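In the order they appear, the protein sequences are chains A and B.
Under this note's numbering, the first sequence has 321 at position 321, and the numbering climbs by one with no breaks.
Under this note's numbering, the second sequence has 71 at position 71, and the numbering climbs by one with no breaks.
Errors might be hidden in some of the hints.
In silico DMTMM-like links for lysine to aspartate or glutamate, alpha-carbon gap of 20 Å or less [to be verified]: (1) A/K58 <-> B/D35; (2) B/K54 <-> A/D381; (3) A/K58 <-> B/D19; (4) A/K23 <-> B/D21; (5) A/K54 <-> B/E66; (6) A/K272 <-> A/D381; (7) B/K56 <-> A/E253; (8) B/K54 <-> A/E7; (9) A/K23 <-> B/D2.
In case anyone wonders, no lab produced these hints; they're calculated from the structure.
All figures in this text were calculated on a predicted structure; none of them were measured in a lab.
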Amino acid sequence: MNPLYAELQWLPRAPGDFPARLKALANSAGSHGRELQELALCSLDLNQLTKLAKAIGKLQSDGKSLAPLTPFRLAVLSNSTIDFLVPALVATAARHGIALEVIQPSYDQVAQEALTPDSKVNRSNPDAVLLALDYRALPLKLSLGDAEASYATVLGVMGYLQALRDGIKANSNAVCIFQTFAPPAETLFGSLDRALPGTLRNLIDGINRELAEYVSGSGDVLLDIAGLAETVGLADWHNTQLWNMGKFAFSDELIPLYADHVARTVAAIRGKSRKVLILDLDNTVWGGVIGDDGLEGIQLAQGDARGEAHLGVQRLALDLRKRGVVLAVSSKNTDEVAREPFEKHPEMLLKLDHIAVFQANWNDKATNIQAIATELSLGLDAMVFLDDNPVERGLVRRLLPQVAVPELPEEPAYYARTLAAAGYFEAVAFANEDLKRAGFYQDNAKRASLQKQVGGVDAYLASLDMTITFQPFDATGRARIVQLINKSNQYNLTTRRYTDPEVAHAESDPEVFTLQVRLADIFGDNGMISVIVCRPGEPGAWEIDTWLMSCRVLGRKVEHMVLHEILKHARSAGIVKLAGTYKPTERNQLVVDHYARLGFNKLHGEESGLTRWELLVEDAQPESAPMRVVSQGFSSRPEESLV
Amino acid sequence: MDEPQIYSRLTQIFEDVFDADSIKLSPELTAKDVDGWDSITHIRLILTIERAFKIKLSTSEIGKLENVGGLVAVIKARA
Chain A
1 MNPLYAELQW LPRAPGDFPA RLKALANSAG SHGRELQELA LCSLDLNQLT KLAKAIGKLQ
61 SDGKSLAPLT PFRLAVLSNS TIDFLVPALV ATAARHGIAL EVIQPSYDQV AQEALTPDSK
121 VNRSNPDAVL LALDYRALPL KLSLGDAEAS YATVLGVMGY LQALRDGIKA NSNAVCIFQT
181 FAPPAETLFG SLDRALPGTL RNLIDGINRE LAEYVSGSGD VLLDIAGLAE TVGLADWHNT
241 QLWNMGKFAF SDELIPLYAD HVARTVAAIR GKSRKVLILD LDNTVWGGVI GDDGLEGIQL
301 AQGDARGEAH LGVQRLALDL RKRGVVLAVS SKNTDEVARE PFEKHPEMLL KLDHIAVFQA
361 NWNDKATNIQ AIATELSLGL DAMVFLDDNP VERGLVRRLL PQVAVPELPE EPAYYARTLA
421 AAGYFEAVAF ANEDLKRAGF YQDNAKRASL QKQVGGVDAY LASLDMTITF QPFDATGRAR
481 IVQLINKSNQ YNLTTRRYTD PEVAHAESDP EVFTLQVRLA DIFGDNGMIS VIVCRPGEPG
541 AWEIDTWLMS CRVLGRKVEH MVLHEILKHA RSAGIVKLAG TYKPTERNQL VVDHYARLGF
601 NKLHGEESGL TRWELLVEDA QPESAPMRVV SQGFSSRPEE SLV
Chain B
1 MDEPQIYSRL TQIFEDVFDA DSIKLSPELT AKDVDGWDSI THIRLILTIE RAFKIKLSTS
61 EIGKLENVGG LVAVIKARA
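Could you put together the complete structure from these sequences and hints?
Next comes the structure, spelled out in C-alpha cells:
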C-alpha cells in the first residue's frame, strides 16, 4: 500500500507517550477538547483510534466537556460491518474539531432504518446520515451488451437511493451523505468491461455518474469513495478475505484514511475547512535559497527535475487560489530578496499579486503566521502552513496548534501530492463567491506589523535537544568550509571569499584562530553551519575576519554560543579584546545588528554603512542558549588546559 | 523467532488491542477468559498480529484457532 495514504503521512507520528496521555485525559479536570484534538492530530492506526474513541466515550459518559469541539450527530447506514469504523470515526472527527456522536443501527437494516418514521436512526435526530453502502448493497444484474437493460438497472439503483433519501428527509430531515461506489478489482472481459454496457464496471460507472449529478445542487453531500479507492488502488481497497470473514467492506488498513475523509466532509459541512495557504519560499516554492543562490541559482525551471517539483507546488497553490483559497507567504528572508523571484524570474507561476499577505523578515514563523491571521481577520484554524523545514513546522505546531502543518517527505516531487492528500480545503459546495474570495482578502490586506512576539520560543529551543560542536579548521572539514565561505551571503559579516589553499593556510597558521561549528537536533544533523576566522589584530586583540552562519539555523541562538566559544579561547590565549566589522553588501542586511545584539560596542561607522565594533573579553556576558556544547580538536594548543 | 519472544510480543499486542494494562498470556487462554474478546475484536486481534509478525493467516487457520497456544504455534510456523 502507498504509505502516504494508508498511514496519513501528512500527520506527524504519534508520540511515544500516547497511551500515557490518553490515561491522563480521564483524570484531568476542565475541558478536554484541545488535548483530544492534539492527540487525534497524529497519524493513528486502527487500534490507537479505537483507544482514543474509548477515552472520548468515557469522558462523555462522565459528563465532561469536549469544548471547543463542535458536536455533530452522524447516523451510519451500511450493508457491511461497521464496528471498526465507528470508533475510528469518533476519534478522527476530533482531529477535525468535531465531537462526533455516531448512531449505529443493527447490521444491514438500511431500508428499514431510512423508511420507518420511528426507527433508531430517525428517532435519534441526526445532523447527517452517512449512506456507507458498497456495490454489494445494490440490486445489480449483469446485462452484457444490452444498453437498454443496463440503463434500466442504473435507474433502478438510483430509484432505490432516492427512496432512502426521501425517507430520511421526511422522517428526520438530516443531510444525506452519499458515497460513490468502488468497483471490484476483478473484470470479466478485461478492458472491454469499461465500454460494454451491462458489465459490473460499466454499471457502477453509470451509477456513480448519475449519483454525482443527482447530489449536486440538492443540498446533500457526495463522498467520493470510488475516487478514494482508485487513489489507493482497487486491489488494496477490496479485501475479499475480510468481506468473507466478517462482511467488512474494505481493507482494515485503510480505515484511518476512510475515517479521515468522512471526518473532513463532516467538518466541511460545519464550515471548518481551511481558507488560507501560507507558503514558505526557500526549498518549498523554489529549490535552493534565494539569499545565497541568487536569482540564477534557484531551481525552478521546466526541464529541471528539482525545479519541476517546486513548480508543482506553485501550480497547486495557484489552482487553489482559483477556487478561493487565499495565499500568503512566510519566509525568513530580507523582504526585497524574497520578492525578487516573484518580480524577475521568468519561470515563476506565482506572482506578487497572487499573494494576499507577504511576510519576509527574520522573525520566527509563529509570530508571522499570527500576523497573517490578524491581517486577514481570519482565525488560526483557517490556516495551513507549508514548509520543508521540520524545525519550522515543529515550532509552529507547538506554538500555534490550531494551524494545520503538513509533514512533508524528503522528496520535493511529492510536496504537492502530500498537501492535496491532507484535504485541508475540502468543500461540499462551490459557489460563485468562492471564485472572488482570494481577491477580496487581497484588496484588504496590508502588510502586517509584527510587534507582538509569540512567547515560548525558548521552551521550544530547549525541546530541540541541540548539540553544538566546535572544532578548529581541519582537512576533513575543509571542503565544506570553503563552500560556506564562498556561498554564504546573508548571515555573513564581511563576505570575504577564500580559496582552498587560503583556508588550508589559516588551518595551519598558529596565529590564526578558527572555528568550524556543527549543530545537531532531534530532527537530525544539520552538519556544518557556521565558520569563524580570527586573526591577530592590535596587540592583545583578535580581529574577527570572518563570521558566517547558515540561515537554516537562524533564531536558535547559535551566534551566542559561538561567541561563548570564541571568548573561552581568547581568554586562554591571553586576548583581552575582540574587534569586529560589519561590511554591508546587497545581501547581508540581516546581520547589520549582529554585533550590537551580542553586546559589542560600536566604535564608528562609515558612509558606506561599514561599522566597527569591539568587545572587552573581561566584560563580555553573552546570553546562553539551551544546548549541549562539545569542544574538540583544540588539544594541540597548550593554553586549552587553562580553561 | 522462539516461543518466549512470540509470547512477549503477543502480550504487547493483546494489551494494545484490548486496551488492558496487563494481560497474562498462557497457552490455555481462550476468548472467554479475556474481557472484550468478542468475534469482532478477534478479527482486529488477528489483523494486528498479521501486521506485527508480517505473516498472513488463511481463513481456515483463523477459524481453527482455539486458544493462545494454537495462535503461537501458527506464528512460530510462519515467522
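Hints, verified against the model:
1. At roughly 17 Å between alpha-carbon atoms, A/K58 and B/D35 fall within 20 Å of each other, so this suggested pair holds.
2. Between B/K54 and A/D381 the CA atoms are separated by roughly 39 Å; this puts the pair beyond 20 Å, and the hint is violated.
3. At most 20 Å may separate the alpha-carbon atoms for a hinted pair to count; A/K58 and B/D19 meet this at roughly 13 Å.
4. A threshold of 20 Å between alpha carbons decides the hint, and for A/K23 with B/D21 the separation of about 11 Å falls inside it, so the pair holds.
5. Annotation: proposed proximity of A/K54 to B/E66 is violated, straight-line Cα distance about 28 Å (limit 20 Å).
6. Taken as a hint, the A/K272 and A/D381 pair is honoured in the structure, with Cα atoms around 8 Å apart against an allowance of 20 Å.
7. Distance check on the hinted pair: B/K56 and A/E253 sit about 14 Å apart at the alpha-carbon level, within 20 Å; holds.
8. In summary, the hint linking B/K54 to A/E7 is supported, as the alpha carbons are separated by about 17 Å, within the 20 Å threshold.
9. For the hint linking A/K23 to B/D2, the alpha-carbon distance of about 33 Å lies beyond 20 Å, and the restraint is violated.
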